[in-house]
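Enquirer: Sequence:
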Amino acid sequence: MGGQDLGRLCAKPDDQVCCGLHAYGRAKLANLAYTLDLAQRLKGDGISVFAADPGGAVTTMTTGTMSSSRVVAPWLRPEGPWS
Numbered sequence: 000m001g002g003q004d005l006g007r008l009c010a011k012p013d014d015q016v017c018c019g020l021h022a023y024g025r026a027k028l029a030n031l032a033y034t035l036d037l038a039q040r041l042k043g044d045g046i047s048v049f050a051a052d053p054g055g056a057v058t059t060m061t062t063g064t065m066s067s068s069r070v071v072a073p074w075l076r077p078e079g080p081w082s
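Read left to right, the sequence shown gives residues 0 to 82 (numbering that gives the first Met the number 0).
These are computed hints drawn from the structure, not numbers from a lab.
Predicted, not measured: the structure shown is a model, and the values here were computed from it.
Backbone N, C-alpha and C fix where the C-beta goes; we use that ideal spot for every residue, glycine too.
Treat the hints loosely; a few may be bogus.
Pair by pair, the computed Cβ-Cβ distance ranges are [unchecked claim]: (1) Ala-22 to Gly-45: 14 to 22 Å; (2) Arg-25 to Val-48: 25 to 33 Å; (3) His-21 to Ile-46: 17 to 25 Å; (4) His-21 to Gly-45: 17 to 25 Å; (5) Thr-59 to Leu-37: 26 to 34 Å; (6) His-21 to Lys-42: 29 to 37 Å; (7) Ala-22 to Gly-43: 30 to 38 Å; (8) Gly-45 to Tyr-23: 29 to 37 Å; (9) Arg-25 to Phe-49: 15 to 23 Å; (10) Phe-49 to Tyr-23: 15 to 23 Å; (11) Asp-36 to Thr-59: 29 to 37 Å.
With these hints in hand, go ahead and build the complete structure from the sequences.
Expert: Structure below.
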């Protein structure tokens with residue numbers, strides 16, 4: 000990543016402020032930063048680089064949150080903002 004220190008993206012084990020969702024967000028940010036750096040390195044070589052977001056998925060991390068209006072924006076809920 001162009002000399003960036005990935006350790007700065009990771010929470011320290013004793014950091015009470017950083018919960019699992021913050022670590023998850025940092026991992027997504029690291030993926031995007033790596034993708035942008037790789038795209039820059041391969042620029043002009045005819046190679047396309049992408050980072051994909053598969054969207055919401057029911058996992059143990061998201062249990063009980065997929066239909067919560069506080070977590071999921073109205074237009075992303077299965078019933079939509081119109082209901």
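Enquirer: Given the hint of 15 to 23 Å, is the C-beta distance from Phe-49 to Tyr-23 inside that range or not?
Expert: holds, 20 Å
Enquirer: Please check whether Thr-59 and Leu-37 have a Cβ separation lying inside 26 to 34 Å.
Expert: holds, 31 Å
Enquirer: Per the hint of 14 to 22 Å, is the separation of the Cβ atoms of Ala-22 and Gly-45 within bounds?
Expert: violated, 36 Å
Enquirer: Does 17 to 25 Å hold as the CB distance between His-21 and Ile-46, or does it fail?
Expert: Since His-21 and Ile-46 have Cβ atoms about 32 Å apart, the given range 17 to 25 Å is violated.
Enquirer: Does the Cβ pair His-21, Gly-45 satisfy 17 to 25 Å?
Expert: violated, 37 Å
Enquirer: I want to verify a distance hint. Is the separation of the beta carbons of His-21 and Lys-42 within 29 to 37 Å?
Expert: 32 Å Cβ-Cβ, so the 29 to 37 Å window holds.
Enquirer: Does the Cβ pair Arg-25, Phe-49 satisfy 15 to 23 Å?
Expert: Holds, at about 20 Å.
Enquirer: Could you tell me whether the CB distance from Gly-45 to Tyr-23 stays inside 29 to 37 Å?
Expert: About 33 Å separates the Cβ atoms of Gly-45 and Tyr-23, which means 29 to 37 Å holds.
Enquirer: Do the Cβ positions of Arg-25 and Val-48 conform to the proposed distance bound of 25 to 33 Å?
Expert: violated, 20 Å
Enquirer: Ala-22 and Gly-43, beta-carbon distance inside 30 to 38 Å?
Expert: holds, 35 Å
Enquirer: Taking the beta carbons of Asp-36 and Thr-59, is their distance inside 29 to 37 Å?
Expert: Distance hint for Asp-36, Thr-59 holds at roughly 31 Å.
Checked against the numbered hints above, the structure breaks hints 1, 2, 3, 4 and satisfies the rest.
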